[in-house]
Every structure is written in structure tokens, then in C-alpha cells.
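Line by line, the protein sequences are chains L and C.
Just so you know, our numbering puts 497 at position 497 of the first sequence, and the rest follows in order with no gaps.
Just so you know, our numbering puts 86 at position 86 of the second sequence, and the rest follows in order with no gaps.
It is possible that part of the hints are untrue.
As the list claims (entries may be wrong) - Restricting the straight-line Cα-Cα distance to at most 25 angstroms, the calculated cross-link-like pairs of lysine-lysine (BS3-like) are: (1) C:Lys-64 <-> L:Lys-399; (2) L:Lys-531 <-> C:Lys-13; (3) L:Lys-19 <-> L:Lys-98; (4) L:Lys-399 <-> C:Lys-13; (5) L:Lys-295 <-> C:Lys-24; (6) L:Lys-295 <-> C:Lys-27; (7) L:Lys-215 <-> L:Lys-20; (8) C:Lys-18 <-> L:Lys-531; (9) L:Lys-435 <-> L:Lys-491; (10) L:Lys-198 <-> L:Lys-256; (11) C:Lys-74 <-> C:Lys-13; (12) L:Lys-689 <-> L:Lys-491; (13) L:Lys-140 <-> L:Lys-435; (14) C:Lys-74 <-> C:Lys-24; (15) L:Lys-140 <-> L:Lys-20; (16) L:Lys-492 <-> L:Lys-435; (17) L:Lys-58 <-> L:Lys-20; (18) C:Lys-24 <-> L:Lys-279; (19) L:Lys-98 <-> L:Lys-216; (20) C:Lys-27 <-> L:Lys-19; (21) L:Lys-689 <-> L:Lys-435; (22) L:Lys-295 <-> L:Lys-399; (23) L:Lys-252 <-> C:Lys-27; (24) L:Lys-140 <-> C:Lys-64; (25) C:Lys-74 <-> L:Lys-435; (26) L:Lys-57 <-> L:Lys-216; (27) C:Lys-13 <-> C:Lys-64; (28) L:Lys-491 <-> C:Lys-74; (29) L:Lys-492 <-> C:Lys-74; (30) L:Lys-19 <-> L:Lys-57; (31) C:Lys-27 <-> L:Lys-256; (32) L:Lys-209 <-> L:Lys-256; (33) L:Lys-279 <-> C:Lys-74; (34) L:Lys-209 <-> L:Lys-98; (35) L:Lys-98 <-> L:Lys-65; (36) L:Lys-399 <-> C:Lys-74; (37) L:Lys-57 <-> L:Lys-435; (38) C:Lys-64 <-> C:Lys-18; (39) C:Lys-64 <-> L:Lys-279.
Calculated from the structure, these hints are not laboratory results.
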Amino acid sequence: MNLKANNKSNTDKKDSERKKIVVAVAGNPNSGKTTLFNGITGSSQRVGNYPGVTVEKKTGHRIYKNYNITFVDLPGTYSLSAYSLEEMVARDYILSEKPDVVVDVIDSSNLERNLYLASQILELDVPMIMALNMTDEVRKLGIRIDIELLTQLLASPAVETVASREIGLTDLLDTIIEVVENSTVTNVNINYGEEMEKAITELIPLIEKNEVLSKKYPSRWTALKLLENDPEITRMAEEDSQIVELADNQRKRIEKRLGDDTELYIADRRYGFVNGICKETVQTVHKSRKDVTEKIDTVLANRVLGLPIFLFMMWATFQLTFTLGVYPMDWLDAGFGYLGDFLSSVMPEGHFQSLIVDGIIGGVGGVLIFLPNILLLFLAIAFLEDTGYMARAAFIMDKVMHSIGLHGKSFMPMLIGFGCSVPAIMATRGLENEKDRLTTMLIIPLMSCGAKLPVYVLLAGAFFPEQAGNIIFLIYIFGILLAIFVAMLLKKFYFHGPGTPFVMELPPYRVPTLKSVLLHMWRRAVMYLQKAGTIILAASVVVWFITTFPPPWASSQNENAIPTQGNMISENVEQADIELQTASDKISNSMAGHLGRFIEPVIKPIGFDWKTGIALITGFAAKEVVVSTLGTVYALGETDEESVELKDALKRDPHFTPLVAFCLMIFTLIYVPCMAAMAVLYRESGSMKWTWFTIGYTTLLAWIVTFIIYQGGMLLNVS
Amino acid sequence: MDKQESHNNTTLKLSELKPGDRCKVLKISGKGSIIRRIFDIGVRSGAEILVERVAPLGDPVEFKLEGFHLSLRKEEAENIIVEVISS
Ligand SMILES: Nc1nc2c(ncn2[C@@H]2O[C@H](COP(=O)(O)OP(=O)(O)OP(=O)(O)O)[C@@H](O)[C@H]2O)c(=O)[nH]1
Ligand SMILES: [Mg+2]
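Chain C extracted, bound-state conformation (with noise of 0.2 angstroms):
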């Protein structure tokens, strides 16, 4: 897995980001069924992601990844650990 680079420190979780946020994953965390199907839709540790925007009543969140749109709910986006590029 992608060691976490020391000159950027804001690890978070995906579900605080904004849209227009850009972030990268550097982990996965939990277990069970809900984190493997994250895995196999494409949300790998070292993928990109875009927050493109939130749902009109709040809930889900949609994300823009290499060659694919997704959409999450926060309280799944929260077992995704990223490191923010920019914003």
C-alpha cells in the first residue's frame, strides 16, 4: 500500500471533504461486506477521487474516479481514508 507522504499531513476520512474536493485513498479501513464491495467497484488504495457533489436532500455524496461516477452515502464514505491533493 502507498506509504502516506510526509510533507502533506491532512489524512482524513472521504465523508468530511466538500465538493470540488480532490483527494487520494491511502486506505480502506473496516470489514465485512460494505468494504469489499467498495473495493470492487474501483475505490482502490492510490486511486483519485473528485467529490462532485452532494445529493439534493444531503445524503449521498457522488464521487468522480478514473473513468467512473459512484455514489456513497457519508456514513460509508467515513471507512474511506484519504489524503487531500487540493481543494
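Excised from the complex, chain L in its bound form (with noise of 0.2 angstroms):
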């Protein structure tokens, strides 16, 4: 952060006087480049501990001395073959938009496996600087790496981090300037052995001649690529018979003479180059014990108890949401009601202060009050996803995955679900096979997101205070089990073909900073804030409106004909009876009860009245609005003076049963995404067919659940 005021000494300078740069951060999965990357752009893109938390490339800028660098996050990668979309990203960012230098962000405590890499980025022709990261994790290892040795060795320069810490960001920004300054792109070339290099060399004068080939990429990695038969590279050389022809006679005649996969046999030299670097930069200064991870996956991902282990996590995220999360939630909530009390008795009453108070008041108000609950669900979130134990909850879930023919990875997209499917559709772009990626898509909807929790935490602690917290967790473990179902159906109905395999790497436990998991809950705070402000407030204003006024073509007879029913049915009741009553009728002939009563018939099977027939309509924006929208018609219907917590008014309400509220948390845990996530899953599927699909079996199977449960429930009498 406080790199941000280093910028501002510099801002007097025009910016057209600065030099521009453009640096690409590449490396391994998980070797730290967004957290480098946001240490020296000041930007707070999402860091966590699992392989492929960036999916997207990303941009950011950081003034340094009288230069404007770019620098440009890229998704990890352990190769720079095609195999799957980051791959293909980070390939295709670094050849074609030639950035000035990149930055291979390398895990030091895994040298070899990042060198890999390092030397395949060496192949593009672009300068490079090696950002030893992790340093701080590899001195507890006890080993020392000769960096001026594996400067020589790669003859690309390489500089010492510890992004978690911004540590020795200064010196790679000298470094990123230096290299610029002084251009010198010096070839390391690995030695592929005789046969390859005789192959090599043939190739490049027929690379040379081609257009298209020669102007885009290294002659030499063109060469080597075709030889490796890279779908990409092979696709652009088609045109060109006689190419193709030397390649493909070329790599015949290397794999018969070497009996190996030319592919294979490439990666093998590479390994091999990569090999004899760290025998001779690497030392081993003591053996360290057996490592805190080691000791803690003994536990934790332990054969009998790791499942357990796992399941009684969730419990304690929910248990704890719901029962930390009360004692704030109740101050806020009276918070609201002193407001709106106080509102009432200094406004003149009318439209107006009902607008105020029982439309916004009682509807983002009504909203706001879980905030606290939502920040505890996202602390959970940011601890799962920080230390490094989604991707054991992968490793212990794939034998389930695999069982319905997906993939223990599409298990981490789910969890993400739990805070908000949004990033949780993004995140299936980790996924190598497009159908599993497809199916992943599809059921993340049905995982209980951050917005549904409102619902559950109204509903459970009114109508189940005792048993509050376990009847959320209940909803949730059905949630998954529900995609689940849902994702077997689809496998065998539609997105059939063979599995993928399920090759993950399990990073080691790592502590949480304090900075990141506040910035996760943060960026919450705000997100949830807005959503109050904007989509929320304005469903409530809507909702008030439609909850006040009956529709035009009824308002005449109407205005006139409720005051008399009432005081026929109820003329020697209490004065406060009648105004009660009139309250009610007066929502019941408003434009909200006439389109209520218009879906009443498909809704009465499954529990609901008009009332939450509303409710469910507005929460086709957002889910939050369910709430918002019960608090602004249940606060319409009260005449008290004094303002009631929603909690009680349902409670008084008599249609409302314990059975009805459960029905009601498992409609809305189903039924149709909001507005943000089909627009995401639209675009990150491409496909309108499947957007509506979603939205429709959502919904189908939604009524379908609660319907069986809810007549079940009637059956067994259990109200």
C-alpha cells in the first residue's frame, strides 16, 4: 500500500516524458505472480493457495522513476505447449504481443520443475528476469541457490522475493529498467541432441522463407514446435506443403531411430538441461525435518478421518456464521427499527414516510442487517482458499467427482460457489476438458451463494432458533449433493465422453496474511454494499410502489369497496383490528397482490402464498431481494406504531409454518441464478441455449423439490 504514495512523487512529470514499458508476468501456478504483481501495481487481484487462481490475464501500472511500466498478470502455467486455455493465454500473450521483458515469477523451493519453464520462455527470443520467489520458504528448507551461477547459466538475470512480504520488489524493478536499457537478447540454446538439431537445422531455412511463420515466432522454436507436432503451430504452416512434409518425414525418422515420442523425447532434453542448472546452482545446506505439511496432511487428508475432517468444517463455517453472526446482526436490526421509528414520528405521514420507512428502510434495510453474517461466510471462504486446503478438499472429493465423470477440480469452482458463483463460473476455466468445464458451469447455481445466506439466517433463526445453524448447513450439504445429481444427469444424458485426468498439484499449507484475508472480506463488504445501494434500493422502491397502489384499472372500485367490507366484518373489533385488517386488504388489492394471486395457483402446492410469490419474483434480480422485498410488504401490513422485526412478522403470520419457512430456504437455494451470474455463465459458455437452459431446470426442479417436500411435510403433519 505504500507503494502508492512512492507514485505520487512522481506524478508531477508528464506522463508523455515517461518511457513505456510492457512487462509480462509468467510462471508456474501458484509461484506467487499475483501477489508480486499487485505488491507492484497496488492493484488487489485474487491471490490464494491452489493452482490456478488467475484465469484471465490482468492489467495493471506502476510510475517507476521515469518510466510507465505495464504489467500484465498472466495465468500460471507448468509448460508453453497448447494443452489447455491458460496455456494457451500465456503462450499466445508473450508471442504475439511481445512485451519488452518477462518476468518468469519462479518458486524457489521447486527449482527444477520452474526452470522447465524458464527454459522454454528463454526460446521465444524475449528477455527474461527470473523472480526467485518464496525465498523465505526455501531458507527453512535449508537449501541455497548460487544466483549468479544460474544468471551466467540462463544468461538472463535473476532477482531475489518474497511477494508476500514485498520484499526485493525495488530491486526487480531495477533489474525490469536495466534489461530494457540495455537490450541484449543473448541466445541460450538447449542442445537437443544430434538427430533433433540436424532436423532443426534443415527446418529453419524453409521457416525463413514462409511469411507467416518467419515474421510471428523464433525460427528455431518454430522448428522445434513442428517437430513436436504443436497443434497450433502445425494448423499454420498447412499452406505450406513443403514444410510439412521435412517435419513430418523429419520427426518419423527421429521417433524410429530414438523409439520415443519426439514430444516426449524434447521435454526429456529440456528436463535434462534443466537437471545438470540445478546440480550445479543448488545446495542442500541441512536436512530439514519433516516438514509442517507433511504433519498437518497426516490429519487432514488422512484416509479415515480426512472425510469427516472435511465435513465437519463446513458444520463449524455455518455453525459459527450463524451464531457469531447474531449478536451484530440484532444491533443492526435494532439500529433499523430505532431509525425508522424515529423517521416516522418526525416525518408528516403519507406516501412519503411509508416510502422511507417501510419501503427502503424495511427493504435495504432488512438487507444490510447480514452483513455481518456475510463477512463471517467470507472470512471462512478466504481461510479455505489462503491456506492451501481447497485443494486437499479436491484430492479427497475426486473419487466422488470421478464416480458422476468429472473431476476433483471441478470440487474447487463449487466451494468458490459458496461465496458467490460468479468467480465460481470464471474459476471452471481451470478445467482442461470443455465438457466437464460445461457441466461444472451448470450446476454451480445450485451451490448456496453469500446472497441466499439472508434468506436462510431469516428464516432458520425465526422459525428454527435452536436449530439455526445446523438446518443451514443441512441446505448447503443438499446443495451439493443436488449438483451432484444434477452433473451425473447431464454426464450421462448429454456431456458424455471420456474423463480427464486428474493430475493436481497440493501446495504446501501456508499462513494467511492478515492483509489478504482482510482484503477478501473488504472487497466483500463493499460488493455487498453496493449491491444494498443500487439493485436492492431500487427493487424496494419498486416493491413499495407496487405494494401501496392498486393497479389502475381497479383503483376506483377498490378504494371504496375495502374500507366498507371491513368495517362490516369487524364493527364492534377494536379499532386497531380494523386498521390491521384494512392494511392487509389494501396489500391484498394492490398491484403486488393481483400479480400474487395471478401465480398463486402454481405456487399453492408447494407452500407459498401470494405474499412470497412476490418476494420470488423480485429475487429474479438478485437473491438478497427476497428478504428485502418480505420486509417491505410484511412492514406495509403492520400498523403498529412501533416498528417490528421482520423475524416477528413472520412468525405472527399464520400461513407461515416452520415447514413453509424450510420450503421456502430450499425453493430459493434452487431456483434461478441472479442476474449477474447468468450473465457470466452466458458469457464464459458462449452459448444462449445453455443460459436458458439453466434458467429453466433451475426453476423446474425447484418446484419440483419443494413439492415433494412440502406435501411430504403435510402428509407426516410435520408442522
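Join the two chains into one complex using the hints; note that each chain is given alone, in its own frame.
Structural data, given as C-alpha cells:
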């Protein structure tokens, strides 16, 4: 954060005077690229301790000395072959945008595998700087790396960094400038052995004659890719039959000679080269004891305890979200109550007062009180993502996922979906197989996201006060089971095909940095408040309007009809009762009432009356709106001088039984994802068909499941 | 590639080993993107592997290599031919 202050001292210079530099940040997954990127540019992109957090390239800027440096954070890759979406993004960026420098962020505790990628970046003929990151962990492991020698051997500068503590970043910036100013691309060619070199030498002249290929990429690299039979490069060379023929012949010749696939042979030579470098530069000073990660995993990933512990942690999360969240929630609730009472007493009675007190405070306030619960939920998710447990959850659940034709890694987006569907749908990019990816995307809306939490906390708190945490846990688990069930059906009837391999790295456990956890929660809080100030506010005003006014065609008769009707029924009853009667009659004759009764036949069999119906309709905008709508509708229905908490108003409604409340939770869990989620689903699937399919199937499924529960509950007389 | 040492004839598939076994990769057989992926993630011939643990439901299996931990399903581990060092 103090970097921003540094920036300011330089801002008096005119922007045009500054030299522009573009730096790509590449490296293995989970090596700390985004942490480094955030540290340098002051951005706050998502960081997490599992491979595949960054899925899209992100850009940030840093003014340093007399330079305006653009940093591009790329998804992590193990190699520059073209097997997954992330690899393609990273490779394409470096090859076609041609950044001035590539900073390869290296996890120094795993130098060999990280240099394997570095050796491939070197072949792209762009200046490279190695950021030897995680040097704090390396020191603990008792490993020493000879940086000077490494720099020499790879003809590229290396800088030690600890990105998570912003150590070494200035050194890195200085090195970047140095490299740009004396740009001398020194070639370090890996020797691929006699046979391969011969083939490369023969191919290069032909490639250099080809206009498309020679202009775009370094010729030696292209030759190598042709011999590897890289799908993309081979496609680009298709036109040139001479090249294709030569490459094919040479590949066949080499494979016959060496008895091995050229692709694997090349990879093997590359590892040989890298292994040699590691042997020279890495020195184990002292053997470390069994490391902490292994100790933790003997418990958390234990054959017997692993699964129960996973379930226990989920249970504990929701128990805490509810029990700890309930105190600040009650304070906020009381606060909004006082505010409402105060405004009622100072504002003149009438529509405007009602709009403010019943509409906005009842609606928006009704949602805002859940902010503490949301923050607790995201605290738990931040821990899940930052400690490294996420990858263990995928490890533990892979067998289950595999049995329905999915991948353990599909479980990670699902867990992220507990926070919000939008990043969860994005996170499916980490899945290599297109069918798996689409299946996972389609089931993510069934995970209980943070927006559904207010509905659960409200209803579970009101109707199951003793068991609220357990009920909420039950609903989350139900969501997972339903998601797995739907995935199974999709896989069976539509997306069948061979399963994908489960090759996943398990990162070491790390202590989450306070900054990262707080940032995570802060961002969520801001998003929640923004949502409250926009969508939820707008929805509350609309709901107030349609609940207050009768439809234009019915206005004149009804206005007269209600009071007389009311008077007739309760002539001898107390005044207050008459007023209450009038108020609910008024709502029932409002536009919302008409709308609600219009859909009532459809929702009656699943236990809902027209008031809930209104909330479900407006809930299409965002799930929190279900709560805000109930807040407004019930606030208008109350005529007490003192405002009543929504929780109590619901309990007073004879129609709302615990069974109905449970059904409403289940229905909210399943039906229609919010608009933001649909927009992302459309973008990521690229298909209107699948977006509509998701809207349709979730709503239908919600109805069927709730129907079964409600009718079953009525039969058994649970209420 | 490393030649198989003559005094030790226990070449097995990685999937056949038990937790606690230690081995050295001789060859990765098979074709296609799976193999390439296993290679790229750091399972090269000559690498030493310790079988760490089997997941609660019986699959996948966690392996420890120099500098990192890796999870593979048994069906993928079948492609890796190893020589047992100790068990
Ligand atoms: N101990 C230590 N941890 C670090 C360091 N740099 C980053 N981390 C942690 O490493 C983890 C991964 O960091 P990210 O920045 O998300 O890694 P990334 O390379 O962007 O990962 P992907 O986007 O998944 O490819 C996080 O938990 C960071 O807090 C470091 O220098 N030392
Ligand atoms: Mg990242």
C-alpha cells in the first residue's frame, strides 16, 4: 500500500515524458505471480494458495523513476505447450503481444520444475528476468541457490523476492529497467541431441522463407514446435506443404531412431538441461525435518479422518456464521428499527413517509443487517482459499466426482460458489476438458451463494432458533448433493465422453496474510453495500410502489370497497384490528397483490402464498431481494406504531409455518440464479441455449423438490 | 534416459506401489496430452517419488517428489514405470 505513496512523488512529471515498458508476469501456477503483481502495481487481484487462481490476464501500472511500466499478470502454466486454456492465454500473450520483458516468477523451493518453464520462455527470444520468489520458504528448507551462477547459465538476470512481504520488488523494478535499457537478447540454446538438431537445421531455412511463420515467431522455436507436432503451429504451417512434409518426415525418422515420441523426447532433453543447472546451482545446506505441511496432512488428508474432518469444517463454518453473526445482526436490526421509528415520528404521515420507512428501511435495511453474517462467511472462504485446504478438498472429493464423470478440480469452483457464483463460474476455466467445464458451470447455481445466506439466516433464525446453524448446514449439503445429482444426469445423457486425468499439485499449507484476508472481506463488504445501494434499493422502491398502489384499472372501485367490507366484518372489534385488516386488504388489492394471486395457483402446491410469490418474482434480480421484498411487504402490512422486526412479523403470519419456511429456503437455494451469474454464464459458455437451459432447469427443479418436501411434510403433519 | 540397473529387477507401475514406498521413474509410457501433462508437472524420468497416501475414498494417490506434492489417480499412475528403491 505504501507503494502508492511512492507513485505520487513522481506524478508531477508529464506522462508523455515517461518511457513506456510492457512487462509480462509469467510462471508456474501458485508461484506468487499475482502477489508480486499486486505488490508492484497496488492492484488487488485475487490471490489464493492453490494452482489456477488467475484465469484471465490482468493489467496494472506502475510509475517508477522515469518509466511508465505496464504489468500483465498471466495465468500460471507448467509449460508452453498448448494443452489447456491457461497455457494458450499465456503463450499467445508472450508470442503475439511481444512484451519488452517477461518476468518469470519462480517458486524457488521447486527450482527444477520452474526452470523447465523458464527454459521454454527463453526460446521465445524475449528478454527474461527470473524472480526467485518464496525465498523465505527456501531458507527454511535449508536450500541455498547460487544466483550469480544461475544468471550466468541462463544468461538472464535473477532477483530474489518474497512477494507476500513485498521484499525485493524494488530490486526487480531496477532490473527490469536495466534489461530494457541494455536490451541484448542472449540466446541460450538447449542442445536437443544430434538427430533433433539436424532436423531443426534443415527446417529453419524453409521457415524463414515462409512469410507467416518467420514474421511471427523465432524460427528455431517454430522448428521445434513443428517437430513436436504442436497442433497450433502445425495448423499455421498447413499452407506450406514443403514444411509440413519435411517436418513429418523428420519426426518419423527421429521417432524410429530414438524409439520415443518426439514430444516426450524434447521434454526429456529439456529436463536434462534444467537438471544440470540445478545440480550446479542448488546446494542443500542442511536436511530439514519432516515439514509442517506433511504433518498437517497426516491428519487432514488422513484415510479415515479426512472426510469427517471436511464435513466437520463445513458444519463449523455455518454454525459460526450463524451464532457469531447473530449478535451484530441484532444490533443492526434494532438500529434500523429505531431509525424507522424516529423517521415515522418526525416525518409527516403519508406516502413519502411510507416509502422511506416501509419501503426503503424495511427493504434495504432488512438486507443490510446480514452484513456481519456475510463477512463471517467470506472470512471462512478466505481461509479455505489461502491456507491451501482447497486443493485437499479436491483431493478428498475426487473419487466422488470421478464416479459421476467429473474431476476433483470441479469441486474447487463449487466451493468458491459458496461465496458467489460469478467468480465460481470464472474458476471453471481451470478445467481442461470443455465438457467438464460446461457441466460444472451449469451446476454452480445450485451451490448456496452468499446472497442466499440472508434468506437462510432470516428464516432459520425465526422458525428454527435452536437449530439454525444445523439447518443452514443441511441446506448447503443438500445443494452439493443436488449439484452432484444434476451433474450426473448431464454427464449421462448429454456430456458423456472420456473422463479427464486428475493431475494436480498439492501446495504447501501457508499462513494466510492478514492483509489478504482483510482485503478479501473488505472487497465483499463493498460489493454487498453497493448491491444494497443499487439493485436492492431499486427493487425495494418498486416493491413498495406495487404493494402500495392498486392497479390502474381497479383503483376507483377498490378504494371504496375495502373500508366498508372491513367495517362490516368487524363492526364491534377494536379499532386496531380494523386498521390491521384494512392494511392487509390494501396490500391484497394492490398491484403486487394481483400479481401474487395471479401466480398463486402455481406456488400454492409448494406451500407459498401470494406474498411469498411477490418475493420470489422480485428475487430474480438478486437473491437478497427475496428478503428485502418480504421486509417491505410485511412492513406495509403492519400498522403498529412501533416497527416490528421482520422475523417476528413472519412468525405472526399464520400462513408461515416452519415447514413453509423450510420450503422457502429450499426453493431459494435452487431456483433461478441471479442476473449477474447468468451474464457470466452466458459469457463463459458462449451459448444462449445453455443460459436459458439453466434458468429453466433450476426453476423446474426447485418446484419439484419443494413440492415433494411440502406435500410430504403435510402428509406427515410435520408442521 | 536412465538405463535400468541390473541388480534391481523390480520394475513396476507406479500404481502398484503402497504408501511409504520409494521409487525412481524409469519411463513414462503412453501417448497424448495426459502423458505430456504428467511430464510438464515434473514427473520426468529419473525423478524420485515417495508414495505418500491414498485418498479417503481409495483414489487418487498423493506422491511426494523433489520440491512438491502431486496427486494422481491410479489410472494415470499406471502410465509411469518405476523401479523400487525401498519399501
Ligand atoms: N511464503 C511465501 N508465500 C508467498 C510468497 N509469494 C506468494 N506467496 C503465497 O503463495 C500463494 C500463491 O500466490 P498467488 O499470487 O495467488 O500465486 P499465482 O502465481 O498468481 O497463482 P495462479 O494465479 O494460481 O497461477 C499465496 O498463498 C501467497 O500468499 C512468498 O514470497 N513467500
Ligand atoms: Mg495468480
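Hints versus structure:
no.: 1; hint: C:Lys-64 <-> L:Lys-399; result: holds, 20 angstroms
no.: 2; hint: L:Lys-531 <-> C:Lys-13; result: violated, 55 angstroms
no.: 3; hint: L:Lys-19 <-> L:Lys-98; result: holds, 17 angstroms
no.: 4; hint: L:Lys-399 <-> C:Lys-13; result: holds, 21 angstroms
no.: 5; hint: L:Lys-295 <-> C:Lys-24; result: holds, 24 angstroms
no.: 6; hint: L:Lys-295 <-> C:Lys-27; result: violated, 31 angstroms
no.: 7; hint: L:Lys-215 <-> L:Lys-20; result: holds, 24 angstroms
no.: 8; hint: C:Lys-18 <-> L:Lys-531; result: violated, 53 angstroms
no.: 9; hint: L:Lys-435 <-> L:Lys-491; result: holds, 9 angstroms
no.: 10; hint: L:Lys-198 <-> L:Lys-256; result: holds, 15 angstroms
no.: 11; hint: C:Lys-74 <-> C:Lys-13; result: holds, 10 angstroms
no.: 12; hint: L:Lys-689 <-> L:Lys-491; result: holds, 17 angstroms
no.: 13; hint: L:Lys-140 <-> L:Lys-435; result: violated, 42 angstroms
no.: 14; hint: C:Lys-74 <-> C:Lys-24; result: holds, 17 angstroms
no.: 15; hint: L:Lys-140 <-> L:Lys-20; result: violated, 38 angstroms
no.: 16; hint: L:Lys-492 <-> L:Lys-435; result: holds, 12 angstroms
no.: 17; hint: L:Lys-58 <-> L:Lys-20; result: holds, 18 angstroms
no.: 18; hint: C:Lys-24 <-> L:Lys-279; result: holds, 18 angstroms
no.: 19; hint: L:Lys-98 <-> L:Lys-216; result: holds, 10 angstroms
no.: 20; hint: C:Lys-27 <-> L:Lys-19; result: violated, 50 angstroms
no.: 21; hint: L:Lys-689 <-> L:Lys-435; result: holds, 15 angstroms
no.: 22; hint: L:Lys-295 <-> L:Lys-399; result: holds, 23 angstroms
no.: 23; hint: L:Lys-252 <-> C:Lys-27; result: holds, 20 angstroms
no.: 24; hint: L:Lys-140 <-> C:Lys-64; result: holds, 18 angstroms
no.: 25; hint: C:Lys-74 <-> L:Lys-435; result: holds, 22 angstroms
no.: 26; hint: L:Lys-57 <-> L:Lys-216; result: holds, 21 angstroms
no.: 27; hint: C:Lys-13 <-> C:Lys-64; result: holds, 16 angstroms
no.: 28; hint: L:Lys-491 <-> C:Lys-74; result: holds, 22 angstroms
no.: 29; hint: L:Lys-492 <-> C:Lys-74; result: holds, 23 angstroms
no.: 30; hint: L:Lys-19 <-> L:Lys-57; result: holds, 23 angstroms
no.: 31; hint: C:Lys-27 <-> L:Lys-256; result: holds, 17 angstroms
no.: 32; hint: L:Lys-209 <-> L:Lys-256; result: violated, 28 angstroms
no.: 33; hint: L:Lys-279 <-> C:Lys-74; result: violated, 31 angstroms
no.: 34; hint: L:Lys-209 <-> L:Lys-98; result: holds, 21 angstroms
no.: 35; hint: L:Lys-98 <-> L:Lys-65; result: holds, 23 angstroms
no.: 36; hint: L:Lys-399 <-> C:Lys-74; result: holds, 11 angstroms
no.: 37; hint: L:Lys-57 <-> L:Lys-435; result: holds, 23 angstroms
no.: 38; hint: C:Lys-64 <-> C:Lys-18; result: holds, 13 angstroms
no.: 39; hint: C:Lys-64 <-> L:Lys-279; result: holds, 20 angstroms
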